[in-house]
Each structure stands twice: as C-alpha cells, then as structure tokens.
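Just so you know, the protein sequences line up as chains A and B, in that order. Counting from 1, one number per residue, gives the positions in the first sequence under this note's numbering. Counting from 1, one number per residue, gives the positions in the second sequence under this note's numbering.
One thing to keep in mind: the hints can contain errors.
The list cannot tell twin chains apart, which means a pair is met if one copy fits it or any two copies do.
In silico SDA-like links for lysine to any residue, alpha-carbon gap of 20 Å or less [said to hold, decoys possible]: (1) 125 <-> 94; (2) 109 <-> 2; (3) 109 <-> 84; (4) 11 <-> 22; (5) 66 <-> 114; (6) 34 <-> 145; (7) 109 <-> 135; (8) 136 <-> 107.
These aren't lab readings, by the way, just hints derived from the structure by calculation. The structure displayed is predicted, hence computed values, not measured ones.
Protein chains: 2
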Amino acid sequence: MALFTFKATSKLLDHGMAVENSAACFMIIADEPKNMRGTDEGMNPVEMLLCALGSCQCITARFLAKSFGIALKEYRVELEGDLDPAGFMKGMEGVRPGYQQIRTKVFIKADAPEEKTREFAAFVKSRCPVGDCLTKGVAVSETCFIVSDGEAE
Amino acid sequence: MALFTFKATSKLLDHGMAVENSAACFMIIADEPKNMRGTDEGMNPVEMLLCALGSCQCITARFLAKSFGIALKEYRVELEGDLDPAGFMKGMEGVRPGYQQIRTKVFIKADAPEEKTREFAAFVKSRCPVGDCLTKGVAVSETCFIVSDGEAE
C-alpha cells in the first residue's frame with residue numbers, strides 16, 4: 001500500500017495557554033488549568049496524548065475483531081501517565097520532560113472464551129498505530145519559519 | 001518535584017468506530033471517516049496524536065518564552081505524519097503500524113532577533129513533553145480485564 005499522510009495544525013491563541021487544533025474538518029482546544037497559567041478550556045496535551053492512545057486501541061479493536069474471530073461487545077481503556085514537572089518546567093538535568101511510564105487497563109466484553117479474548121487484547125496492542133509510535137518512538141523533524149510583523153500568516 | 005499522574009479514559013461507543021475520550025472535565029470524540037467504517041464524528045487517533053504534539057509545542061513555547069527572554073507574539077505548528085495502512089490493517093511483515101515519520105513546520109512571530117528566535121524554537125522542541133514521548137519512546141504497560149455478561153462496568 002502507498003503511504004498515507006495525515007495532517008494537523010496547532011495555533012496558540014492570544015490568551016493564556018489555549019491552543020486551537022485542527023485536523024480533517026474537526027477542531028479541539030487544548031489548554032491548561034489556571035494553576036498552570038491557562039484558562040481551562042480543554043484538556044492539556046499530555047492528557048490528549050493519552051486519549052489518542054486509548055482511542056487508537058478502541059478503534060484498532062473494533063477494526064480487527066471480526067478477522068480475529070471475536071464478537072466484540074465492549075472495549076474501554078483507562079490510562080495513566082507519570083510525569084515529573086521538573087523536566088518540563090525547569091529543564092532539570094536527567095529528568096525527561098515527557099511521561100516516564102504509561103499504564104493502561106483494558107476492559108473487554110466479548111462473545112469468546114477468556115483465553116482468546118486475552119490473546120485479542122495483546123493482538124490489538126501490537127497493531128495499534130499510536131501505541132506503536134509511543135513504544136517504539138518516531139523521528140520528528142522540524143523546520144522553523146520566522147514570521148515578520150505585518151506578514152500575512 | 002514529585003511525579004504527577006495524568007489520567008484519561010477511552011470508551012468504544014456502540015456504533016461504528018466512534019470513541020468517547022475523557023480527561024479532567026473534558027470530552028473529545030475520536031472516529032474514522034465512512035471509508036474506514038466510521039461515522040465521521042471526530043478526528044481519528046493518529047490525527048489526535050499530531051494535535052497533542054502541536055499543542056504541546058505551542059504551550060511549551062508560551063510557558064517558556066519569558067524565561068528565555070523572548071516576547072512571543074505568534075506560534076503555529078503545521079504537522080504531517082506518514083503511515084503505511086498495510087501495517088495497521090493487514091499486519092504486513094516489516095511495516096510498522098504507526099507513523100514512519102512526523103514533519104513539523106513551526107511559524108513564530110516574536111519580538112526578538114531572528115537567531116534568538118531560532119534558538120528558542122530548538123529549545124521548545126527539546127522541552128516539549130509530548131515531543132519527548134514520541135521521539136524517545138515510552139514504556140506502555142497493559143493489564144487486561146475480562147468483563148462478563150451482566151457485570152456492572
């Protein structure tokens with residue numbers, strides 16, 4: 001199959017920490033709570049990252065259930081990630097800015113024997129695109145453009 | 001500083017590919033377009049992942065601009081990620097399910113010399129929590145619970 005390219009745009013709004021994120025024809029706001037200088041208009045980016053992972057597992061499960069021979073009735077993921085704010089806020093040596101660990105609990109109801117259902121959960125984890133990105137890492141390249149005063153965006 | 005734990009829950013809804021994602025007091029829907037068996041009610045998880053990365057860069061920039069000695073006026077990120085659907089959909093050998101590469105374009109307007117603004121962009125990239133997770137990878141542990149018929153969720 002050919003490579004498929006997904007796109008998004010994130011734009012810092014003119015107040016606090018609020019960010020408008022657009023992809024396809026959808027928009028979601030990211031923000032921080034007031035104690036992080038935000039205006040609390042949306043979940044923060046590290047929470048959004050957990051949602052991307054959880055929803056990717058859910059959709060992967062729905063997408064692959066039939067071919068795995070399982071009748072999926074319910075699929076829910078609870079996610080937690082631990083982060084030391086000293087990495088992000090203070091740039092403390094030896095402390096990574098991102099999550100040190102992510103833990104997930106997957107709750108599955110399926111018309112299938114328990115063992116097959118557990119095999120399915122492991123199969124979903126191995127095929128989940130966002131999970132693959134997070135556990136194996138992805139190269140992120142950046143090009144920086146300086147916008148001058150008066151220049152159209 | 002102590003570790004801080006962020007949480008989210010993702011729940012597959014009872015139609016198509018739609019997923020309800022909750023974190024803090026916010027909810028966002030993930031879905032797939034109709035050609036991917038979805039009902040197109042929200043961006044998909046790999047787009048949400050790009051939004052998590054873009055918004056994290058924006059917030060990191062806003063958060064750190066003052067301490068870097070820069071008056072930030074605008075910050076926008078355009079993101080693209082390439083993915084081969086054969087990895088996710090078919091489990092093709094040697095094809096990863098996730099992004100093979102993510103490219104970002106950062107557009108910055110700041111009251112600062114161009115060189116300092118470029119240094120700031122690199123600084124933001126190095127301190128961005130979601131960027132750190134993606135480029136360096138994170139361990140994701142999973143525990144699977146089988147929900148029986150009639151069992152309360």
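Hint check results:
1. With identical chains, the CA atoms of residue 125 and residue 94 are at most 20 Å apart between copies only, with a shortest distance of 17 Å across copies and 30 Å within one.
2. In this homomeric assembly, residue 109 and residue 2 never come within 20 Å of each other (Cα to Cα): the closest approach is 35 Å inside a single copy and 36 Å across copies.
3. Proximity of residue 109 to residue 84 under the C-alpha cut-off of 20 Å is found in neither arrangement, the shortest distances being 35 Å within a copy and 30 Å between copies.
4. In this homomeric assembly, residue 11 and residue 22 come within 20 Å of each other (Cα to Cα) only inside a single copy, at 9 Å, whereas the closest approach across copies is 22 Å.
5. Taking the closest pair of Cα atoms, residue 66 and residue 114 come within 20 Å of each other only inside a single copy of the chain (16 Å); across copies the shortest separation is 55 Å, beyond that limit.
6. For a Cα distance limit of 20 Å, the shortest separation of residue 34 from residue 145 qualifies neither inside one copy, at 30 Å, nor across copies, at 36 Å.
7. With identical chains, the CA atoms of residue 109 and residue 135 are never at most 20 Å apart, being 26 Å at best within one copy and 34 Å at best between copies.
8. Taking identical chains as interchangeable, the C-alpha atoms of residue 136 and residue 107 are never at most 20 Å apart, the minima being 24 Å within one chain and 28 Å between chains.
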